[in-house]
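Chemist: Each chain, written out:
Number of protein chains: 2
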Amino acid sequence: MSYTVGIVGVTGAVGGEVLKILEERNFPVKELRAFASARSEGMQVTFKGEKVTVHEATPEGFEGVDIVFFSAGGSTSKRLAPEEAKRGAVVVDKSSTWRMDPNVPLVIPEINPEDIATHQGIISSPNCSTIVMLMTIAPLHSVNPIKRIIVDTYQSASGAGGKGIVELMQQARDVLDGKQPTHDTFPHTLAFNALPHVENFGDDDYTTEELKMRDETRKILHQPNLPVSATCVRIPVPISHSEAVHIEFERPFSPDEARRVLAAAPGVIVQDDIRNKSYPLAMDAAGKDEIFVGRIRKDIALDNGLSIWSVGDNLRKGAATNAVQIAESLVTKGWL
Amino acid sequence: MSYTVGIVGVTGAVGGEVLKILEERNFPVKELRAFASARSEGMQVTFKGEKVTVHEATPEGFEGVDIVFFSAGGSTSKRLAPEEAKRGAVVVDKSSTWRMDPNVPLVIPEINPEDIATHQGIISSPNCSTIVMLMTIAPLHSVNPIKRIIVDTYQSASGAGGKGIVELMQQARDVLDGKQPTHDTFPHTLAFNALPHVENFGDDDYTTEELKMRDETRKILHQPNLPVSATCVRIPVPISHSEAVHIEFERPFSPDEARRVLAAAPGVIVQDDIRNKSYPLAMDAAGKDEIFVGRIRKDIALDNGLSIWSVGDNLRKGAATNAVQIAESLVTKGWL
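Keeping their order, the protein sequence lines are chains B and C. By this note's numbering, the letter at position 153 of the first sequence is numbered 153, and the numbering carries on one by one without gaps. By this note's numbering, the letter at position 218 of the second sequence is numbered 218, and the numbering carries on one by one without gaps.
Isolated chain B (complex conformation) (with noise of 0.2 Å):
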């Protein structure tokens, strides 16, 4: 067997992503089609060493796709993942938009693939930041509840898009010319800088990126009223994002058990060789589809608390390799 697959958004960042990582699992596709907004009606992207042209998303343009990646904008997906659905593709769906949506699933294929199964035509791949911190915390979740969680974020450029790795790279020139940087996609200067700003201001002072850590990590586990508390920030790198994360646990789990249980999760590799040196770090994560996870030890001022850092590539297994790894599943179970 073998798909037509779409993808809105084929011009941007985790679009261009998930078109690498389709090609590199080697995805049964037999034919791809190329979406992005007006602007880029015309481009062509490069898929299996062939042209294809990219096309102007509308409702009209998926007839016969089988399955579809949504990484454009909210609206996009709001307005067009209904439309494709309908038409009997099945969207996996990278914005924020449907998320929260009780009839849609949220799936991290590592830790909830079993939430596929009640798709009614869209799934949502997490947001970026949560998924860091999931494939880190959901296998020790699985051996020893968590009571609850604190997190804060070390996030890169690129989770605003190639055009935030554009941005922070011409500030930082700019600084180091002795030049004042101008900012037009952070709210501030990033560049030699650390922004506690991700996304826009929301419910009690939180802001959206904080309170997607919240909510997704509740959906995602099944726990609708664990407590997280996430502080969001952004820092000058161009990829992956870093997470310090504190959490209690229903019964004492001690750094070796955790490194253990953590070793054999799937997706996760445990990099914890402070002699060494050796912990994960932003830089030598980028372009890897795994989460890397270190600097584990108990969380002095938490009971029964482990402490982690915990690193991943916020554009591929934060974004394009989940999607993509949804549509696996949809295969290998016969779900599509």
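Errors might be hidden in some of the hints.
Covered by chain C, according to a simulated footprint, are these stretches of chain B (three or more residues, beta-carbon under 8 Å) [claimed, not checked]:
id	region
1	145-155
2	299-307
One side only, chain B facing chain C, incomplete, derived with CB under 8 Å [what the hints assert, rightly or not]:
id	residue
3	V52
4	F201
5	P236
6	S242
Hints in this document: simulated from the structure, not taken from any laboratory. The model shown is predicted, which means the values in this text are computed figures rather than measured ones. Each residue gets a CB set at the ideal place from its N, CA and C atoms; glycine is no exception.
Given the structure of chain B, go ahead and fit chain C onto it with the hints provided.
Modeler: The following block gives chain C in isolation, referenced to the frame of chain B:
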């Protein structure tokens, strides 16, 4: 009254700030003596428009000195500080050597000035990351006792001295120019990266920087068992440490009440107008003596919790300014 003042480590990042700040704040200096390691012998620094020759720090060089600031390494403080104290000088030490000595007060003048009175010749100034956090939480603690603290830091390159800034900037230029960056001061490339490794690894797989935040907080607040869990992370910022602080209090603490308490706290500036994208930023805090605090909100994972973002210049209030303020307290209280 005016005093003979010495600075040990005057050619370093913090020593240079002490020199500037003594002049800015018009500390009553009768004579300034500049000391550094043997390799700086004969260099000159400028104080109030006059050249002062740097000499190698030796016990004999301190005869007649009333007060001496140590901003050199720990081994220099260990060797020379008791010698100077014996000769009648009061030593204000910025190294970690004496901080946990029960006979040495550890002082932030806005918080525990009364501890200065117990000195026996040496007074310690806390670690920069401790000062940035305590300036924010001590005023809150004094109206509603703190029960536990979880903190994750975003620390600047200058925490490793002036050479840290130089290395960061060179690495950034190398990355932008497509060259392979090298590292010497930091354990890995810091530019465009995040290193969960500040100082050395110590007990229980915590770094010495993380343990300082715990132990110094306990000593300054006179709370010997306070649970404090820190993850200390170096990020590519030249000056200013930022910190995400999560605090549990004995009783409920509304964000509005916390803002009122902090607005009245000396040396603290509340910058918390998120609708106008106004919150503390490392880049803005650099060169300032105040600690900036914002993103004040209920911590949804702690009982009676607050989440706070605290930022300060690690070379100034985090080091030099605090040391000079200790000296000012000695003068105004007549303890010199």
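Chemist: Evaluate each hint against the coordinates.
Modeler: For each hint, the structure was consulted:
no. : hint    : result
1   : 145-155 : holds (count 5)
2   : 299-307 : holds (count 6)
3   : V52     : violated, 30 Å
4   : F201    : holds, 5 Å
5   : P236    : holds, 5 Å
6   : S242    : holds, 5 Å
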